[in-house]
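Reconstruct the complex from the two isolated chains, following the hints.
So the chains spell out like this:
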Amino acid sequence: DQQVKQNSPSLSVQEGRISILNCDYTNSMFDYFLWYKKYPAEGPTFLISISSIKDKNEDGRFTVFLNKSAKHLSLHIVPSQPGDSAVYFCAASAYQGGSEKLVFGKGTKLTVNP
Amino acid sequence: DAGVIQSPRHEVTEMGQEVTLRCKLISGHNSLFWYRQTMMRGLELLIYFNNNVPIDDSGMPEDRFSAKMPNASFSTLKIQPSEPRDSAVYFCARTWGAGGNTIYFGEGSWLTVV
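As given, the protein sequences belong to chains F and C, one line each in that order. In this text, residue positions in the first sequence follow my numbering: the first is 3, and each later residue adds one. In this text, residue positions in the second sequence follow my numbering: the first is 4, and each later residue adds one.
This list has only true hints and no planted wrong ones.
What the simulated footprint calls covered on chain C by chain F, stretch by stretch (three residues with Cβ under 8 Å from a Cβ of chain F suffice, anywhere in the stretch; the number is not a length):
#1 48–60
#2 105–112
Here are some chain F residues the structure puts well away from chain C; computed CB gaps all over 12 Å:
#3 Gly62
#4 Asn69
#5 Thr113
Only pairs whose alpha carbons sit at most 35 Å apart, straight line, appear in this in silico DSBU-like list of lysine-lysine:
#6 Lys73(F) x Lys56(F)
#7 Lys7(F) x Lys81(C)
#8 Lys103(F) x Lys27(C)
#9 Lys7(F) x Lys71(C)
#10 Lys71(C) x Lys27(C)
#11 Lys111(F) x Lys27(C)
#12 Lys81(C) x Lys111(F)
#13 Lys27(C) x Lys7(F)
#14 Lys58(F) x Lys73(F)
Calculated directly from the structure, the hints in this document are not laboratory data. Note that CB positions come from ideal geometry on N, CA and C, so glycine has one too.
One chain only, chain C, in its complex shape (with noise of 0.2 Å):
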């Protein structure tokens, strides 16, 4: 168990429409990660935040991105206005403990923009 929490698990929604992608974490952690899997890209770092705070966003895509975590246990990655382009899988992930070189990864929000 990951202790990684995502919502909505899967997203159907129209071009132009604001998504909102949730990450909840159910124990610590040392840092949170957003990637994003597509099968031409594979696993692409979009963000990551060391102690809720944004450390390296040069993976998000353009300004329709924003991610935030407002506390140690939570986080956002909003779109908008969404593209079809946007369509991939959103992985929330953390590492935890000594070391810290590990990421666990939540099961993933499934996007879809049409």
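Isolated chain F, as found in the complex (with noise of 0.2 Å):
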């Protein structure tokens, strides 16, 4: 049961213009949503997050917007640089037995294109 999907295994863009990845999840309880980016031989790091109270969070050429009736959010990125190409994976996050527990879906894998 994976309560977190991300559809494209992979994704193609020219640099400068803007990458669109999507992540679906299932999970209603599902209250904080992140993105991460790994490099390869390297751990995941943060990127950027959103609340489910809210529906947009801007970080500089990084932008998450979250559909809750939908149960989508998406991260854009413009412009696109060929220093974005990496794996990105999107995460959610519930409350559970006294922590938060997150749920990762596989990944999309981001090449820009110079």
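As structure tokens, then:
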């Protein structure tokens, strides 16, 4: 039972254009959502997050949108740069067992071509 | 800097051998997590600790896997006996600070069981 789904395993865009990474979730108890970025041979690093009480959060070139009714979130990167090439993981959090428990999607590999 | 140090970074071992992965926390934590990453299943939560106490180990694949957290700055994940299907990248991670929603990952331990 995959609670967090990233249906696109890969995405390729041109430098300077917009990258849109999508994520769907099934558990309505999730109240916090995060995006992580992972380079090869490194651990995932936190990128941006959004609380379920908001529908948009922006940080520089990165914007996360949340549509609670559709149980969908997306990450927009504008403009895309070659250094953004990485695997992006969507994660959702719910308070369970006395702690926040993160569930990750399988990731989307983004390639930004010069 | 996530403040999470994992060792070994790479390990190649023969099937049937015992494997011990280590995680050291440089600073404090709210919770400590062990994740496993494979191509097929993405990032899976194996177990997490809250205040050194195991809270949820439902992700541990089978009895061959065990984890301990003897103090607030150190944890081990042990596989005994190891099997080729255990080959994966194992990440230790922590939450820290107010809210505790964001997880900070170590750089991972790459395990290959032949």
